[in-house]
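2 protein chains.
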Amino acid sequence: MTTPQGFRAGSVGAGLRKKNRKALTVLVSDVPATAAGVYTTNRVQAAPLKLTERSIKAGRRMQAVVANSGNANACTGKQGDADALAMQHQVAELLKISPELVGVCSTGVIGINLPMDLVTKGIDGALKKLAPSPEAGEAFGQAILTTDTIKKDACVSLQVDGRTVILAGAAKGSGMIHPNMATMMGFLCTDAAVTDGALQRLLRDTTERSFNRITVDGDTSTNDCVIAMANGLAGNNPLDEQHPAWPDFAAAFTYVCQSLAKQIARDGEGATKLIEVHVSQAVTETEAAQVAKAIIGSSLVKSAIFGTDANWGRILAAAGYSGVPIDPDTVDIFLGEIQVGEDGMGIPFDEAAAQAYLEKDFVEIHVHLKQGEASATAWGCDLTYDYVRINARYRT
Amino acid sequence: MTTPQGFRAGSVGAGLRKKNRKALTVLVSDVPATAAGVYTTNRVQAAPLKLTERSIKAGRRMQAVVANSGNANACTGKQGDADALAMQHQVAELLKISPELVGVCSTGVIGINLPMDLVTKGIDGALKKLAPSPEAGEAFGQAILTTDTIKKDACVSLQVDGRTVILAGAAKGSGMIHPNMATMMGFLCTDAAVTDGALQRLLRDTTERSFNRITVDGDTSTNDCVIAMANGLAGNNPLDEQHPAWPDFAAAFTYVCQSLAKQIARDGEGATKLIEVHVSQAVTETEAAQVAKAIIGSSLVKSAIFGTDANWGRILAAAGYSGVPIDPDTVDIFLGEIQVGEDGMGIPFDEAAAQAYLEKDFVEIHVHLKQGEASATAWGCDLTYDYVRINARYRT
Numbered sequence: 016m017t018t019p020q021g022f023r024a025g026s027v028g029a030g031l032r033k034k035n036r037k038a039l040t041v042l043v044s045d046v047p048a049t050a051a052g053v054y055t056t057n058r059v060q061a062a063p064l065k066l067t068e069r070s071i072k073a074g075r076r077m078q079a080v081v082a083n084s085g086n087a088n089a090c091t092g093k094q095g096d097a098d099a100l101a102m103q104h105q106v107a108e109l110l111k112i113s114p115e116l117v118g119v120c121s122t123g124v125i126g127i128n129l130p131m132d133l134v135t136k137g138i139d140g141a142l143k144k145l146a147p148s149p150e151a152g153e154a155f156g157q158a159i160l161t162t163d164t165i166k167k168d169a170c171v172s173l174q175v176d177g178r179t180v181i182l183a184g185a186a187k188g189s190g191m192i193h194p195n196m197a198t199m200m201g202f203l204c205t206d207a208a209v210t211d212g213a214l215q216r217l218l219r220d221t222t223e224r225s226f227n228r229i230t231v232d233g234d235t236s237t238n239d240c241v242i243a244m245a246n247g248l249a250g251n252n253p254l255d256e257q258h259p260a261w262p263d264f265a266a267a268f269t270y271v272c273q274s275l276a277k278q279i280a281r282d283g284e285g286a287t288k289l290i291e292v293h294v295s296q297a298v299t300e301t302e303a304a305q306v307a308k309a310i311i312g313s314s315l316v317k318s319a320i321f322g323t324d325a326n327w328g329r330i331l332a333a334a335g336y337s338g339v340p341i342d343p344d345t346v347d348i349f350l351g352e353i354q355v356g357e358d359g360m361g362i363p364f365d366e367a368a369a370q371a372y373l374e375k376d377f378v379e380i381h382v383h384l385k386q387g388e389a390s391a392t393a394w395g396c397d398l399t400y401d402y403v404r405i406n407a408r409y410r411t
Numbered sequence: 016m017t018t019p020q021g022f023r024a025g026s027v028g029a030g031l032r033k034k035n036r037k038a039l040t041v042l043v044s045d046v047p048a049t050a051a052g053v054y055t056t057n058r059v060q061a062a063p064l065k066l067t068e069r070s071i072k073a074g075r076r077m078q079a080v081v082a083n084s085g086n087a088n089a090c091t092g093k094q095g096d097a098d099a100l101a102m103q104h105q106v107a108e109l110l111k112i113s114p115e116l117v118g119v120c121s122t123g124v125i126g127i128n129l130p131m132d133l134v135t136k137g138i139d140g141a142l143k144k145l146a147p148s149p150e151a152g153e154a155f156g157q158a159i160l161t162t163d164t165i166k167k168d169a170c171v172s173l174q175v176d177g178r179t180v181i182l183a184g185a186a187k188g189s190g191m192i193h194p195n196m197a198t199m200m201g202f203l204c205t206d207a208a209v210t211d212g213a214l215q216r217l218l219r220d221t222t223e224r225s226f227n228r229i230t231v232d233g234d235t236s237t238n239d240c241v242i243a244m245a246n247g248l249a250g251n252n253p254l255d256e257q258h259p260a261w262p263d264f265a266a267a268f269t270y271v272c273q274s275l276a277k278q279i280a281r282d283g284e285g286a287t288k289l290i291e292v293h294v295s296q297a298v299t300e301t302e303a304a305q306v307a308k309a310i311i312g313s314s315l316v317k318s319a320i321f322g323t324d325a326n327w328g329r330i331l332a333a334a335g336y337s338g339v340p341i342d343p344d345t346v347d348i349f350l351g352e353i354q355v356g357e358d359g360m361g362i363p364f365d366e367a368a369a370q371a372y373l374e375k376d377f378v379e380i381h382v383h384l385k386q387g388e389a390s391a392t393a394w395g396c397d398l399t400y401d402y403v404r405i406n407a408r409y410r411t
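The listed protein sequences correspond, in order, to chains A and B.
Those letters in the first sequence? Residues 16 to 411, by the working numbering.
Those letters in the second sequence? Residues 16 to 411, by the working numbering.
Think of the hints as simulated: they come from the structure by calculation, not from any bench.
Check before you lean on any hint, since a few could be wrong.
Remember, identical chains collapse to one label, so a pair may be satisfied in a single copy or spanning two.
Stated by the list, open to error - In silico DSS-like cross-links for lysine-lysine, where the CA-CA straight-line distance does not exceed 30 Å:
| no. | residue 1 | residue 2 |
| --- | --- | --- |
| 1 | 385 | 93 |
| 2 | 385 | 65 |
| 3 | 111 | 34 |
| 4 | 33 | 166 |
| 5 | 72 | 33 |
| 6 | 33 | 277 |
| 7 | 166 | 136 |
| 8 | 277 | 136 |
| 9 | 144 | 385 |
Excised from the complex, chain A in its bound form (with noise of 0.2 Å):
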């Protein structure tokens, strides 16, 4: 996260999770940037949450990101308000800027709330330790993560105007979605110079296509965001559609932004695999889409593959029950390049290619709905024993 010019991040423990682990940590800019930023659509929203929303709806711009793990400030009342909004204010005076500039992102249990003493020593802390080093962006990765069990991050870089652009993303997220731990947050940052409103388009839309294309459990959080800050100051000239390396600067983004979304879905709670539903054929990219999700959200699916059973029904079935009216009597299936259904039906397919294939740990099914010409992917893992032990016994 330090790799594009001009941002640094400090981080420490704070003493906000067990052995000491990095678990507070601030992102600055050296000037202000343009932001941008998505939000869960749960109707319980966090404190923090709330309010960095707040903050960048009013001026589109950020300049630091306080996040921590070990507590999501959600399900915390008037004194979660309270404490998001001292926490924006600690890291705002220090830095000498507006609180406005200031995001504040909060990730882990929820219910209670904030040890504010830590945290307070935290940020004095984290702050001091600033620095522009890749070790320091690292850091900040690490303290972003709850029960993921690798650090999740990408980076590219791009010539814009004859400038290079470098854009770098880190993400958490593990049960996804998961409550209790807030799930998923992702941050994005570059040097290049965007406009706002380009800035946020880009964002939803590719967050559609990548952090929106990921399940893990089906639950959606209280805590889910996703931050952008563009700072500029690698000196092209403002992005925006009309720009004509915009569609470098757009695949760019959408590669960072379904890195993450891979590694998030791969870090499943209790994952063995990778899972990759390609939709082809449909009607809109949304139907594709639906139908994508509905096949790596079911339960029935997960458990087969998990277990390395080519049970292609239960994919047909859960593109049954999507909402798509599809037509079950044109859809072929593949896993991998093994074709497994026809038409609807069943077709003779060589059992043992098709075990040894799922025992890989990327597995894709291809499910073409010869209905039209839109596609759409989404991802997914397995579920196995691991999840179940992982999430009965979370919080006590």
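Guided by the hints, dock chain B onto chain A, whose structure is given.
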């Protein structure tokens, strides 16, 4: 199923299931009965389901039902349609009745054609065994099971016009909804006289409040159906909504359907507990049901209850993503009689008592939305290691 007057059943193994377990059964009424049906909303519909729906709609009368387990005759193309039709016609010819009076229901593996030689012999054998005995009724309930661990049935009697009316029901369903085993089937039979319109309306409304209020894994199947037959042999004046005994009959009908629904939920694949979610003080019953079903459908809630973890935040978060415009700040949550959340926030509660409560095999969750006066109940089960085990290697 043979307790109401004039119903006989005959069941055989037919070689359709392992260990020659009962797998083919015929239920026959001495006279044509008023009939009603509700069917899966999945776009993928099994051949027998389509045939039965068409037959009932044609005349609203039915005199026999033939059902088999072991093979769902779903995703089987034109051959599947021909096989379902052959089953209907064979039963009709042997009983010397019109084919439209015969319903056909299949459940089991999908995508494989029925072994019609076994089915044909099975139908012959089952019809030779037709009997009105309790044993014959019990065998009907056994023959329709798949991964179920227990038989599901219920029977009540009441007085209508001075006559004793009997209403009986049997169902199958375990992985609810479990496409590969063709999920749930329900059969209701009564010797009451009921008009066809009233029977269809009652079945539709009651299904909404019983079978449509249960979930084991959220998947909906290709073969789900519930069929009701009323043969009138009790001699009462035909029941409809204007009959003075209608409220009693509707209550008995609801009791039987909810009992069967709860038996299915309790027998969910791998389940160790029946969970009842009661949402009250909603604006409408539809919204209350939507919230209740979101809660009982949450893998996180189900895992937490398996782990006896009083994780109320997950209950609130599921209500938040149900699609109903709840106000999180007015939601109260109880586990049995133990209040764990008030106005969207946690409150101190006796953790040991809550854990002890969650160790029971019947757990009630009460959610008060404080928005209106409507309420609804939904049922489900916990998510356990065994759910994953059962579904990981079902087909192979």
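Check your understanding: For this structure, which hints from the list above don't hold up?
Key -> Violated: hints 3, 5, 8 and 9.
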